[in-house]
Structure formats: C-alpha cells, structure tokens
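Asker: Can you build the whole structure from these sequences, using the hints too?
Protein chains: 2
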Amino acid sequence: MNVLIYGCGQLAQMMYLAACPLGITVRAVDVDNECVVHPISKDTLTLSLEDAIQQADAISVEFEHIPEHLLALAQKTGKLMPSMDAVLAGADRVREKTLLDTLAVANAEHAIVSELSQLDEVVEKLGLPLILKASRDGYDGYGQWRLKTLESLPELKDELQTLDLSAVPLVVEKMVPFDRELSLVGVRNVKGEIAFYPLAENTHHEGQLHVSIAPAPDSDARLQAQAEKAFTAIANAFKYVGVMAVEFFQVGETLLVNEIAPRVHNSGHWTMAGADTSQFENHIRAVAGLPLGSTEGKTLSAMLNIIGCDHFSRELLSVPRTQLHLYGKKVRAKRKMGHINITADSYTKLGKKLKKVAEYLPVEHFPRIQNEANKLIEIKG
Amino acid sequence: MNVLIYGCGQLAQMMYLAACPLGITVRAVDVDNECVVHPISKDTLTLSLEDAIQQADAISVEFEHIPEHLLALAQKTGKLMPSMDAVLAGADRVREKTLLDTLAVANAEHAIVSELSQLDEVVEKLGLPLILKASRDGYDGYGQWRLKTLESLPELKDELQTLDLSAVPLVVEKMVPFDRELSLVGVRNVKGEIAFYPLAENTHHEGQLHVSIAPAPDSDARLQAQAEKAFTAIANAFKYVGVMAVEFFQVGETLLVNEIAPRVHNSGHWTMAGADTSQFENHIRAVAGLPLGSTEGKTLSAMLNIIGCDHFSRELLSVPRTQLHLYGKKVRAKRKMGHINITADSYTKLGKKLKKVAEYLPVEHFPRIQNEANKLIEIKG
Chain D
1 MNVLIYGCGQ
11 LAQMMYLAAC
21 PLGITVRAVD
31 VDNECVVHPI
41 SKDTLTLSLE
51 DAIQQADAIS
61 VEFEHIPEHL
71 LALAQKTGKL
81 MPSMDAVLAG
91 ADRVREKTLL
101 DTLAVANAEH
111 AIVSELSQLD
121 EVVEKLGLPL
131 ILKASRDGYD
141 GYGQWRLKTL
151 ESLPELKDEL
161 QTLDLSAVPL
171 VVEKMVPFDR
181 ELSLVGVRNV
191 KGEIAFYPLA
201 ENTHHEGQLH
211 VSIAPAPDSD
221 ARLQAQAEKA
231 FTAIANAFKY
241 VGVMAVEFFQ
251 VGETLLVNEI
261 APRVHNSGHW
271 TMAGADTSQF
281 ENHIRAVAGL
291 PLGSTEGKTL
301 SAMLNIIGCD
311 HFSRELLSVP
321 RTQLHLYGKK
331 VRAKRKMGHI
341 NITADSYTKL
351 GKKLKKVAEY
361 LPVEHFPRIQ
371 NEANKLIEIK
381 G
Chain E
1 MNVLIYGCGQ
11 LAQMMYLAAC
21 PLGITVRAVD
31 VDNECVVHPI
41 SKDTLTLSLE
51 DAIQQADAIS
61 VEFEHIPEHL
71 LALAQKTGKL
81 MPSMDAVLAG
91 ADRVREKTLL
101 DTLAVANAEH
111 AIVSELSQLD
121 EVVEKLGLPL
131 ILKASRDGYD
141 GYGQWRLKTL
151 ESLPELKDEL
161 QTLDLSAVPL
171 VVEKMVPFDR
181 ELSLVGVRNV
191 KGEIAFYPLA
201 ENTHHEGQLH
211 VSIAPAPDSD
221 ARLQAQAEKA
231 FTAIANAFKY
241 VGVMAVEFFQ
251 VGETLLVNEI
261 APRVHNSGHW
271 TMAGADTSQF
281 ENHIRAVAGL
291 PLGSTEGKTL
301 SAMLNIIGCD
311 HFSRELLSVP
321 RTQLHLYGKK
331 VRAKRKMGHI
341 NITADSYTKL
351 GKKLKKVAEY
361 LPVEHFPRIQ
371 NEANKLIEIK
381 G
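Residue numbers (full-length UniProt numbering), protein chains in the order written: chain D, 1 to 381; chain E, 1 to 381.
Any given hint might turn out to be false.
One copy or two, it doesn't matter: identical chains are merged, so the pair holds either way.
[As the list claims (entries may be wrong)] Capping the alpha-carbon separation at 20 Å, the derived lysine to aspartate or glutamate pairs in DMTMM-like fashion look like this: (1) K352 to D276; (2) K239 to D92; (3) K191 to E315; (4) K353 to E296; (5) K174 to E109; (6) K352 to E151; (7) K336 to E296; (8) K356 to D276; (9) K191 to D85; (10) K352 to E296; (11) K298 to D345; (12) K298 to D276; (13) K375 to D345; (14) K133 to D310.
Hints were generated in silico from the structure; no laboratory data involved. On a predicted model such as this, the values are computed, not experimentally measured, just so you know.
Answerer: Here it is as structure tokens:
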C-alpha cells in the first residue's frame, strides 16, 4: 500500500516514519516543482506526479496551501483524503469563516473586506481593536495586521493599498481578549468514527507556536465536549477523513474557533510521546482504511518547538522521558527545526522537567519555557 | 551524524526509524554482497563499503553472524560498537561459554567437542539428556541436536560425521529442566553507565521466539538483580557500548545464561510500545554518544512475532493499544515478518487483549497465544 502526501516537510516525514511499521510507503510531493520525493532524504524519485497519483492508494496533504490544480488532480481520482473542500477551507479564511457561520460554530466576530473602501464601515461595525488577516497564504503571523486605534487607520490603509483585495480579501476580526489558546486534534475515518485527543494548551511567541501542554491544565469535561462538538460539526460537514486540528480561543468558559487545520498539526506533536497512538499514525490509519488507534494517554506532555536554531546541547536527552525530534533542515531564522517532547506524571513534575531541559537550550530561541515551567509547577497534581 | 549497521534486516530498519528523529542517518550493509543499502527500501546506495565506513561516526551490527574480515575492517577504525570481541562472543558458542566460565556467570553444565571421539566421554560426564549446538552460525533452532537416550547415540554420531568439528566444534550442554526462559535487555554507554529494561518472559515454539511478556510475571527484584549482575559482568568485560540481550533459563530461583546477543533483540521489541525509550533508540543513543534514555515503562506489554505469514486481518488494530510493525519482507516459511505490540495496565487485561487480537490471527501461525493469554488472565493484578 502507498500513500502520497502533497508537501515534503517535517509533517510528511513524520507520516512516513509512522506509516513504515504498518507496511505503508509514504511518498511526498514538492508542490513547488511538482516532483515526487522521498519524505526523509528529499531525493527526487524517478516517478512522475501522474504515475505517483495513479499508484497511490490514498492521497493526502501536509499543509493546506497547495496549488488548486494539484488538489483537483487528486480529487478527481477519488483518493484525496481529506477532500479538496476541506483543504481549501483550511487554506482560505473566507471559506473557513463562511463554513463556521453556516454550521453555527462559535468564532470571533468578523467581516470580509474585498475593497479597501469597506474598511471604515467594518471598523465602525466591529469596533476596535481589530486584526486583519489575508484570506489566503497567511500563516505563522505573516499577512496579518493589527488595528488598535482609529488614528492608525489611514496608515494601515496605505499599507493595504498594494494588495488586490478583490482576489485575496481580508478577514477582519474583532480581537478577542482571550484567556488562552487551545487546540483539539482528532481523527475521523471513512465510517464516520471520530477519536479525539485531549485539548492542548498552546503558547505562541511572535506568531509561532512555541509550547504545547497536553492535556491542557484546568480543562474539564465540559470544555473538552464543547471542543469536540465544534470539531464534529466541521468534520462531518466535509465527511472528513484523516487528522484535523481545530484551534480555539478560550474566553471564560467559551471556546471560539480561531482556525481549522485540515492535517496533522504542530499542536499534536506531543501525541508521539504522550498518547497511545500518535497523530501521524492515526492519520495514516484513517486514510488507509485501518481502524483508528487509541487516542488516550496515561501521562502529561509538553512539546517545545525548536525554532531558528540548531545549536543546543544534546545532553538535554539526559532528562528522563525527553524525546528529541529533528527535521533535518538547514537552520534559518523562524524556521521550525524540530521539537522536544517531555512527559511526566504530574504538572508539577512536568514543570520541573521543563526547567531542567531549559538549562540545555539557548533562551533567546526558547523565550517562553521558564514562564510555562513556572505555571506548571504551581498546578497541584 | 551517521551510523553504519552491518546487516540490513528488520533490526537495521527499526534502528533507522529510531535514529531519524535524532538527526542521525542509518545506512546498512548487506554483508552477503558487501553493498551499502538503504535500511528501509534496501536500495543499493552509490557508495562503496570503504567510503561508508570512512564516513560513519559509529559502526554497529544487527546480528552477530558477520564475516570476520568485515568486523576487522570496522574494528580497526575504532568506530565499531560493540567491539569485535563482543560480537564474536555472540557468534561463537565456544567463546561465549569460555567467557561465562571466566566471569563465573552461571550457565548450563557443558563441554566442548572438537572431535567426534570425545562424545562418549562427554555423554558419560554430563549425563542425559543433552543438547548439542554447533558453535557457529546456529540460531533459531538450526544446527542443534538433542540426545535423550544412549540408544540413539550411534545414530547421532552418524549424523554428525559429516561435520568438521575441528573447524566448528560442538558445545554439548546438559539439558536444563528449566521453568521458563527470560531475557534481559540493557544498554551500556561509553562512560560505562548501564540502563536495564525489566526482564521479559519468552515463549518459543519450534526454536523460534513467539511471545514475550514484559515485565515478566512473577519476577521480583531479586531475580532482576541476578540478571543485571550477569549482564553487568559480561558488558563490563567487553567495555560494551550499545544494547545487549542476555537470555536466561530460570531454574527455581536461579538464572542460568543461555545466550548472549550483542545487539538489539527480538525479546526487546516490546520496548517500542511499553518503555519510555525503545531498545532501538537506546542503541543509537549509546553508539552516538548521546545520554541513555529512560528504560522505565508504566505499562505491561506483550509482543507477538508474526512468523511465516502475511495474511491476517488488519482489524486487529481495532484492539486498543495494539501496534503493528511489519518488516516489508516477502513471506517464507519460518520467516519473521513483523511483530505486534500490545499494552495494558494489568496482566489480566493484557491476557484478555491477547485473546481479542488472536481472533484476527491464523492459529497455525500463532500456536502459543491462547495458552499465553490464559496464563496472563489467571494472574492477579
């Protein structure tokens, strides 16, 4: 059996590693040059994209920003999982917001701006502060603008002047004074069965995920159920097959959907160490028509992203129950180079381990660990 | 960093998968044709053995039956871990027995026969029943003979007549009326630190491992300490670096060493699901000079070998906490095709899960599961 993945970064790599034991070969597509490559070595395989598509038993994606003609090529074979609609909803904030509104899934108050002239009216309607997001190709903080005061509106308009908003509209959102960011990773199979991992708490820095803690502290069954309900509505709407992540803002006891990721997700990397079955194996199981694996875990997890650095002491592996996962990339500013998974049996112990691990890491690249560790240590149990 | 493994079967494959997240590339050597191959695809790499040895940061083995000139080639670079001596002790029963006797590590009463004429005297000295083992190239029940009665001695001699015992002597052992077979997998690093997994109980069928249960039921701290003492003596004697397995016969409260395997071992496959760090990752960590990973596990494990069959329902993956690991080989009688790891929180639950998994497996290839399951179910706790 073989699965073709659009995209050849770390997510395809981790899917390859998870698929191998199941007797499933994963090939990857570099969507920039449409070459079929080995997900680990990135060596180009002597195989055309058409042949790879034809030979694949299932086709999936590692990210949502895939050229539409490639998605269409896969969709028409009936082997694309999740479907083109689901991938596009993750890639296009206008589709995403429309979907959430149609399904009555709570999300931040927003408006769509496809001409700059609409902006004044939207500002008046929604109030300040606002966050403006390009509907497509924006992730990790790129293509986003904040508007905090009316005085800065003219300046913002100047900046936006260069954009073709009719082609790529803006989603303008009320900035939510949220308590924290959570995400729910789950997996749905062809039969419509869904398995959920526990909610993870995510800490961002300059628009990038730095730390995930799972299960999210102070997360009760009600919050989990609320997240699962939103996830289920979205997944069922697409007859979704595979792993999906839904990112939420928590505001008091309410969860507002921030983003849908139609794929395995950085905030689910902790499942490699902390859950019975990793998100990568479950995605492969789902698209290959295998039974879903248990999403339970008997432990608590912290996931640290290694961003923009490759020099740190490997002695961090001396901290018990610490796993390193490197992606084999050349270092570049803001680039995700790998992640570290740490597990423990209580939040306090997890926090103490984070402090130990932090001793081996350059603080400038891991600016959020100490604070996260301190928060965890203070949690009872 | 890159590690070269002599041997390109499933053990090299699982080392590759474990090394990849650590940013370490594993290459494998097909020792029959001395080609350097990719451990998963088995594709021949455009790289000579000499270059691969030169480029490697560490060289190791996936099995002990490696042509001596290849071991010597690696040994002289100073990068072979474990050392040539350790590998040869695993490959040669005469060396193995001599080592155990030198270290005063308990093992079955035995004698070396290098001429057929010595056999009568040995039979008289040791008594019956006896097991005769070729000193080299014998594993999984090949190259072994049993002598139960004096009447069958002439027939056995006839059979042995064809062998060159001066080149490959026999180790003749008193057949031990053992209660069960156990194995200890552990890992030693360059600093001399050793980490042990708990003892596993192994069930064989027709000379092949079929089931491992870990931790071994009814295994107390005394038994574990006894095994660790034997392991430590052997490992320290070689200044061993890497994972080693020691197989024991348990006779009452005493452990007798049966075999030393200077490598990752089938009876340690359960560590992939049931321990904080798998034996494969720990072997790679050790030979790469990284800190050893925790060998603890918070769960109980069963490992089932898939032998000589590839047709079974993948629905077995519907049993929670069941992992499948296939080696990508063509089916052949008695060939190890893969293994299944199952974890649970009590032996009774583990036994019940084994029964469920057994429903998906052809009984003729898994003749020991029902009995193992029943034994586990009867254990309290």
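Asker: Next step is simple, just say for each hint if it's right about the structure.
Answerer: Do the hints match the structure? See the list:
1. K352 to D276: Classified as between; 18 Å across copies, 24 Å inside a copy.
2. K239 to D92: Within one copy only: 19 Å inside a chain, 59 Å across chains, cut-off 20 Å.
3. K191 to E315: Classified as between: cross-chain Cα gap 14 Å, same-chain 45 Å, threshold 20 Å.
4. K353 to E296: between (22 Å within a copy, 16 Å between copies)
5. K174 to E109: within (6 Å within a copy, 81 Å between copies)
6. K352 to E151: neither (46 Å within a copy, 69 Å between copies)
7. K336 to E296: neither (27 Å within a copy, 30 Å between copies)
8. K356 to D276: between (26 Å within a copy, 18 Å between copies)
9. K191 to D85: For K191 and D85, only the intra-copy Cα distance (19 Å) is at most 20 Å; the inter-copy one is 56 Å.
10. K352 to E296: Intra 24 Å, inter 19 Å, cutoff 20 Å: inter-copy only.
11. K298 to D345: Both. Shortest intra-copy (8 Å) and inter-copy (10 Å) distances satisfy the 20 Å Cα cut-off.
12. K298 to D276: both (8 Å within a copy, 12 Å between copies)
13. K375 to D345: within (16 Å within a copy, 31 Å between copies)
14. K133 to D310: neither (31 Å within a copy, 51 Å between copies)
Hint violations for this structure: numbers 6, 7, 14, all remaining hints satisfied.
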